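Novice: Sequence:
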Amino acid sequence: MILSTGSIFANKPNIIAPTRVLTPVFNKVIGSQNMKKVLLALLASAIISGCSSASIDTSKALVGETSKENIIALYGDPSITVNAEEVDSVMYSFDGHEIAFTFVDGILTHKEKLVKENGEWVSYEVE
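Per the numbering used here, the sequence shown starts with residue 454, numbered consecutively.
Think of the hints as simulated: they come from the structure by calculation, not from any bench.
The model shown is predicted, which means the values in this text are computed figures rather than measured ones.
Among the hints, erroneous ones may be present.
Dumping the calculated BS3-like pairs for lysine-lysine here, alpha-carbon to alpha-carbon at most 27 Å [as the list claims (entries may be wrong)]:
| hint | residue 1 | residue 2 |
| --- | --- | --- |
| 1 | K521 | K564 |
| 2 | K566 | K513 |
| 3 | K564 | K513 |
| 4 | K569 | K513 |
| 5 | K521 | K569 |
| 6 | K566 | K521 |
Restraint-style ranges between C-beta atoms, simulated for each label pair [to be verified]:
| hint | residue 1 | residue 2 | range |
| --- | --- | --- | --- |
| 7 | N536 | L567 | 14 to 22 Å |
| 8 | Y577 | A537 | 16 to 24 Å |
| 9 | G572 | K513 | 31 to 39 Å |
| 10 | G572 | M544 | 13 to 21 Å |
| 11 | D530 | N571 | 25 to 33 Å |
| 12 | N571 | S520 | 32 to 40 Å |
| 13 | G529 | E580 | 18 to 26 Å |
Ideal placement from N, C-alpha and C gives every residue a C-beta, glycine not left out.
Take the sequences, apply the hints, and build the full model.
Specialist: Given below as structure tokens:
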């Protein structure tokens with residue numbers, strides 16, 4: 454048995470090493486101006502779509518009307534659920550903030566955005 458540190462294709466004249474063929478093609482495609490534009494467009498769309506899904510639209514959650522079951526149906530399973538006698542809360546976590554819905558007797562009473570500022574959670578009312 455002969456061991457070689459060279460290419461596995463070195464002693465096979467009828468086989469072309471894939472890297473010898475693909476490297477120039479890859480460099481030509483990636484190096485082209487059109488491909489650079491396509492890659493930039495894909496990157497931009499990924500960033501925009503990531504930013505647009507960084508929260509939820511709370512306008513469908515109406516204070517005094519919407520139930521906890523409706524909130525869960527609208528926005529999916531919450532990240533955190535708190536149940537305390539007649540007061541319940543559900544929270545949805547996002548990068549850097551939380552959206553919290555508070556219910557009394559099963560009806561929405563508060564919508565708020567919680568943001569961590571200087572190490573402390575600060576609450577803002579959401580319309």
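Novice: Look at each hint and say if it fits the structure.
Specialist: Hint check results:
1. K521 - K564: holds (12 Å)
2. K566 - K513: holds (15 Å)
3. K564 - K513: Satisfied, since the Cα-Cα distance of roughly 11 Å is no more than 27 Å.
4. K569 - K513: holds (25 Å)
5. K521 - K569: holds (25 Å)
6. K566 - K521: This hinted pair holds, its Cα atoms lying about 17 Å apart.
7. N536 - L567: 14 to 22 Å: holds (18 Å)
8. Y577 - A537: 16 to 24 Å: holds (22 Å)
9. G572 - K513: 31 to 39 Å: holds (33 Å)
10. G572 - M544: 13 to 21 Å: holds (19 Å)
11. D530 - N571: 25 to 33 Å: holds (31 Å)
12. N571 - S520: 32 to 40 Å: Because 35 Å falls inside the window, the suggested range holds.
13. G529 - E580: 18 to 26 Å: holds (21 Å)
The earlier numbered hints are all upheld by this structure, with none contradicted.
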